[in-house]
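One-letter residues, chain by chain:
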Amino acid sequence: MARDERVFLMGEEVGEYDGAYKVSRGLLVKYGPKRVIDTPISELGFTGIGIGAAIAGLRPVVEWMTHNFAILAMDQVINNAAKMRHMSGGQLKVPIVFRGPNGPAEYLSSQHSQSLAAFWMHVPGLKVVAPATPYDAKGLLKSAIRDDDPVVMLEAELMYAWEGEVPEEEYLVPIGKADIKRPGKDVSVITYSKPLKVVMEAAKVLEERGVDVEVVDLRSLRPLDTETIFSSVRKTHRAVVVDEAWPMCGPASFVAWAVGKACFDDLDAQVEIVTSEDVPMPYNHTLELAVQSSVEKVVAAVSRVLYLE
Amino acid sequence: MGVKRPRTQRGERSDRDLYMKFLREMLLIRLFEEKAAQMYGLRKIGGFCHLYIGQEAVAVGSIAAIDLSKDYVVTAYRDHGHALACGMDPKVVMAELFGKVTGCSRGKGGSMHMFDVEKHFLGGNGIVGAQIPVGTGVAFAQKYQGTGGVTLVYFGDGAIHQGAFHEALNMAKIWELPVVYVCENNQWGMGTFWKKVSAVADLYKLGAAYDIPGVQVDGMDVRAVYEATGEAVSRAREGQPVLIEARTYRYKGHSMSDPAKYRTREELEEYKRQDPIGRLKTFMEEEGLLDEETFRSLYDEIQREVEEAVAFAEQSEEPALHTMYEDVYAGEDAIWRS
Ligand SMILES: Cc1ncc(C[n+]2csc(CCOP(=O)(O)OP(=O)(O)O)c2C)c(N)n1
Numbered sequence: 001m002a003r004d005e006r007v008f009l010m011g012e013e014v015g016e017y018d019g020a021y022k023v024s025r026g027l028l029v030k031y032g033p034k035r036v037i038d039t040p041i042s043e044l045g046f047t048g049i050g051i052g053a054a055i056a057g058l059r060p061v062v063e064w065m066t067h068n069f070a071i072l073a074m075d076q077v078i079n080n081a082a083k084m085r086h087m088s089g090g091q092l093k094v095p096i097v098f099r100g101p102n103g104p105a106e107y108l109s110s111q112h113s114q115s116l117a118a119f120w121m122h123v124p125g126l127k128v129v130a131p132a133t134p135y136d137a138k139g140l141l142k143s144a145i146r147d148d149d150p151v152v153m154l155e156a157e158l159m160y161a162w163e164g165e166v167p168e169e170e171y172l173v174p175i176g177k178a179d180i181k182r183p184g185k186d187v188s189v190i191t192y193s194k195p196l197k198v199v200m201e202a203a204k205v206l207e208e209r210g211v212d213v214e215v216v217d218l219r220s221l222r223p224l225d226t227e228t229i230f231s232s233v234r235k236t237h238r239a240v241v242v243d244e245a246w247p248m249c250g251p252a253s254f255v256a257w258a259v260g261k262a263c264f265d266d267l268d269a270q271v272e273i274v275t276s277e278d279v280p281m282p283y284n285h286t287l288e289l290a291v292q293s294s295v296e297k298v299v300a301a302v303s304r305v306l307y308l309e
Numbered sequence: 001m002g003v004k005r006p007r008t009q010r011g012e013r014s015d016r017d018l019y020m021k022f023l024r025e026m027l028l029i030r031l032f033e034e035k036a037a038q039m040y041g042l043r044k045i046g047g048f049c050h051l052y053i054g055q056e057a058v059a060v061g062s063i064a065a066i067d068l069s070k071d072y073v074v075t076a077y078r079d080h081g082h083a084l085a086c087g088m089d090p091k092v093v094m095a096e097l098f099g100k101v102t103g104c105s106r107g108k109g110g111s112m113h114m115f116d117v118e119k120h121f122l123g124g125n126g127i128v129g130a131q132i133p134v135g136t137g138v139a140f141a142q143k144y145q146g147t148g149g150v151t152l153v154y155f156g157d158g159a160i161h162q163g164a165f166h167e168a169l170n171m172a173k174i175w176e177l178p179v180v181y182v183c184e185n186n187q188w189g190m191g192t193f194w195k196k197v198s199a200v201a202d203l204y205k206l207g208a209a210y211d212i213p214g215v216q217v218d219g220m221d222v223r224a225v226y227e228a229t230g231e232a233v234s235r236a237r238e239g240q241p242v243l244i245e246a247r248t249y250r251y252k253g254h255s256m257s258d259p260a261k262y263r264t265r266e267e268l269e270e271y272k273r274q275d276p277i278g279r280l281k282t283f284m285e286e287e288g289l290l291d292e293e294t295f296r297s298l299y300d301e302i303q304r305e306v307e308e309a310v311a312f313a314e315q316s317e318e319p320a321l322h323t324m325y326e327d328v329y330a331g332e333d334a335i336w337r338s
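Here the protein sequences come in this chain order: U and B. So in the UniProt record's numbering, spot 24 of the first sequence is number 24, and the numbers just go up one at a time. So in the UniProt record's numbering, spot 4 of the second sequence is number 4, and the numbers just go up one at a time.
Bound-form chain B, shown alone (with noise of 0.2 angstroms):
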């Protein structure tokens, strides 16, 4: 395949409700995520949090693409923005944020460990490209038993050298598994420059070892992720995986506590410039979808939202002692105690 530049140039009236959902879904993510580093710097929120906020094109355009009721989104621990943009509620996983038991996985995951089966949302790994087999595994589960759906994986550029990548790539080609494997190069791992690691410097050609197609996308563009990934899943669900490479940008450190050193201002500056956000609202009002009292709406509902969120997590229970217990095993306690 190759490179992918956007096809329609023109917004075209009809794509106002999907771009709307575009808008509404990036700015939830945005938003939620903001508060997010907000409540963690209010100690509300520990351990290691992995903001999304630049790449908000990417988990929304491509999850767009897909049919929930049938297929499946796999990722990594930077899951807030896949976990919101699968229809998951803002305040179960503001909830599992501050640890409460009302969080999705009862406390007990926290920012790197977001799951919801019912909306098709399988992680949340913590372990650096662990997740590619697993959501590869999605996908030889969904061929089996013939559902007709295809899973998501997404993965950074730094996971991509992971042994756990080339060996599920492999075995997705030979099995003809309907998936699209989706790389968000946001062009650091933690503080290590993509091409300083990276035998080549394309990722998507990555995939030409095992015979699966690469498309690289802009992945500060919404629109064009979407159309990229439209393709990749209809060729998946006729048995031929794909890699898509998507250039995006982490505005924010690697995690909280990451100060982000290596990299300098007007590389940041950069990619603000080129905002997901902006950008499509840009396009919107310039096609005379959109206007400024629509979008400030818009932002308030959103703001509220959120807002009702971080009511909703600070209200809730902490997990009494004994839920440490549970979930270990499907029937009876097993657990060993003297």
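Here chain U stands alone, though its shape is the one from the complex (with noise of 0.2 angstroms):
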């Protein structure tokens, strides 16, 4: 924002409140009302607002308070967002980002505890990414503002809460690069965001039982970085891909056959995917960490790979 007079964030709650997650604490005062917009509740209406800006010369930050209000303006984003440079001919940028919390929270039920990534990732025009890192986070968000293409960013609501190393300093994460998060020779397991830490433990669980796990993240999920997931699974030959969405259409199924398609020559065992249970998420918490991919499961589904059980 200082950087770029054409940026402003606009959203629920974005700015007396401070962000409802306190994602935009500070900016308000910081950047004054003009480029920090508290919205009415109508997902719908400032979304295509935010559209209308960014064809007219603005870049918007949209919030979102939560991935699950988007649903309601998905219209906007899907028939115009994604579309307009297409429909244009090419005449028209829609340089704006679509960003705020997604997938299962805790004791919220159904309608506020849902992975919505791959409603996005479905769409061409769209750009997605969901970091699994503070750093990843900043550098991302930084170069989804600076693209000229709609970004959607999916930040896990639960890794709000988290710490990580984040330099002061000016970087970039590019978009459509995934990254190594641990190298390995046995099994590649694929996935992004919030699972990270899911597979990072359940790695470290297969380390003591002598499987050397390589950790793929995944970062952006539209482009899709098929060359850094193709060249890991070159080198290991087995393949689990995690995902925190429904596994009907949902990315883990999408990379798990991509996988399955690229490198079908160099597979040693079918790739395994690792997804929420196809179920609506329920309140009670002892039922929503049964739906949730947890350690067991990726430990299972990597043992499957490696036929050790």
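You may find that some hints are simply not true.
[To be verified] Straight-line alpha carbon distances no greater than 27 angstroms define the calculated DSS-like cross-link-like pairs of lysine-lysine that follow:
id, chain 1, residue 1, chain 2, residue 2
1, U, Lys34, B, Lys195
2, B, Lys261, U, Lys30
3, B, Lys91, B, Lys44
4, U, Lys30, B, Lys195
5, B, Lys261, U, Lys34
6, B, Lys44, U, Lys22
7, U, Lys22, B, Lys261
8, B, Lys195, U, Lys22
9, B, Lys252, U, Lys22
10, U, Lys30, B, Lys196
11, B, Lys196, U, Lys22
12, B, Lys196, U, Lys34
13, B, Lys195, B, Lys252
It is worth saying that the hints were derived from the structure and are not from the lab. What you are looking at is a predicted structure, and each value in this text was computed from that prediction instead of being measured.
Quick one: dock chain against chain with the hints and give me the complex.
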């Protein structure tokens, strides 16, 4: 925002309340109400207004209080933001960022606790990023703001409490580049966003059992860095994809298919996926934990592709 | 229509039963919610828990004006009060808050998703404004089936700006649906003051664009809410949807995690002086309809009822793991398992 006057933030409670999840803390004081704008609760309306502002020369950052409420704005994102460049034969550009928390939370039941990554990943014309560390979050957000296309950023709700190194100085994490978060030789576990933590824990458990896991963090769901994914699988010959969305038509099932197709000759086992159970999220905590990907489920899937069980 | 003032300034003895019912239900909601807050503090209840304390007169006064054998109630996530005012069993509501299988939604819904089909209470919606078209659809079914029933749809001052509200009102009007919209203007949508995000300060006027009459009522006065809803309901039964704006106030933060720093202590105190329970109690005492002893014993009785609800919730079973696959489809499990 300091660098580019055209960048502004708008959404519910982003200003005076400092952000429902405190992501925009201090921005109103720093940049004033012209650039940090509290909206009514009208997701479709303010998202569309952001898109209009973007095609007319501004660079909006639209915060959705959570992705659950972005469902109301889907028409504007899918039918307008994603398609305007194409429909206008390249005359228009839509440099806008849509961001907010996504994914399972705690004790919130089904309308407030769901991963909607697949809905955005499905749409040509959008870019979709999902950081798994504070470092990546800063770098990806900056890249997203500078990008000339609409970028949807998925910030896992429970990750806001996570801590990690974030350099003060300027740096960018490129959109479309996956990251090897842990090199290994026996199996590639491919994931993104919050499940990275579960995967890293599983890798530790597996290490004790003599299994060397390579962890690929996608970071960007669209474009998808198939080069990094495939070269990892060609090295390890086995793959498990871990995701917190539902299994049907989800990010994991797509990545697993892509790996199966491109690396067929290199694979020593079928590709496994670990996802949310195929149910709406229940409120009860025991059930909601059982619905989600866990260390045990990842360890079991890795054991299957290694024929350890 | 316009701004409503309570018509009956003096209580009549014949109204005593009704006022006692108001008092009992408002007290039940108040004590239940205070207990829920305590249980939340003890982590027996998790997630978002939006308390209704301060707003009791709205649910109690309006729901008393309908006939739940044929009428319906639909609301949002701040739903414990409406649930109890519809006669839902406090035990079952508390058990749902605890996530137990004995809760009304089998532990799958929690605080924001109370439902009781038998009691004609249809939720419990967590998406701001989403219940407005849904409630309008319930009214559509009532008209279609010729039941003679109406639907009361509740939402906040924040929800009124959703497209869902405007689209629903338009269709309610063109199809002459038996629906009463109750906007509970508690003045804050999370940390946002309603005047800051509304093009008009008097929300009851928003019906005018759809030729739907609007009424403003003092939402801290249960009798006024009851009267205004009664009138609106009779018009709605004739096919004239009505919008009621009840001016009220929530004493607590938006949810249990909100310290409500955006408002002043004076503002809160001002509304506490108009407390709906206190006001009805004083009124009844002045009219000779209530004495302190009767009030005390009512209070104690309700306190016991709330304790029983907690004991029931505590002792109930957790839902078994396999129940996660249930209630997704009507028939057999059709869940994807790899
Ligand atoms: C579509 C949608 N957007 C945002 C939210 C987050 N949210 C929950 S309650 C709320 C404020 C609603 O205020 P109001 O309608 O006045 O009702 P009140 O909470 O005061 O009863 C917001 C923004 C949501 N649940 N759904």
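Cross-check of the supplied hints:
Taking the CA atoms of Lys34/U and Lys195/B, the gap is near 18 angstroms; set against the 27 angstroms cutoff, the hint holds. Using a Cα cut-off of 27 angstroms, the hinted pair Lys261/B and Lys30/U holds, with the two alpha carbons roughly 20 angstroms apart. Straight-line distance between C-alpha atoms of Lys91/B and Lys44/B comes to about 14 angstroms, which keeps the hinted pair within the 27 angstroms bound. Proximity of Lys30/U to Lys195/B is assessed by CA-CA distance (about 24 angstroms); at most 27 angstroms being required, the pair is judged to hold.
For the hint pairing Lys261/B with Lys34/U, the CA-to-CA distance comes to about 23 angstroms; that is within 27 angstroms, so the pair holds. Under the criterion of a C-alpha separation no larger than 27 angstroms, the hint pairing Lys44/B with Lys22/U is consistent with the structure, at around 26 angstroms. About 14 angstroms separates the Cα atoms of Lys22/U and Lys261/B, which keeps this hinted pair within 27 angstroms; it holds. Of the pairs offered as hints, the one joining Lys195/B and Lys22/U holds, with about 23 angstroms between alpha carbons and a cut-off of 27 angstroms not exceeded.
Proximity of Lys252/B to Lys22/U is assessed by CA-CA distance (about 20 angstroms); at most 27 angstroms being required, the pair is judged to hold. For a cut-off of 27 angstroms, the pair hint linking Lys30/U to Lys196/B stands: about 21 angstroms separates their Cα positions. The hinted pair formed by Lys196/B and Lys22/U meets the criterion: a straight-line CA distance of about 20 angstroms does not exceed 27 angstroms. For the proposed pair Lys196/B and Lys34/U, the alpha carbon gap of about 15 angstroms is at most 27 angstroms, so the pair holds.
Proximity of Lys195/B to Lys252/B is assessed by CA-CA distance (about 20 angstroms); at most 27 angstroms being required, the pair is judged to hold.
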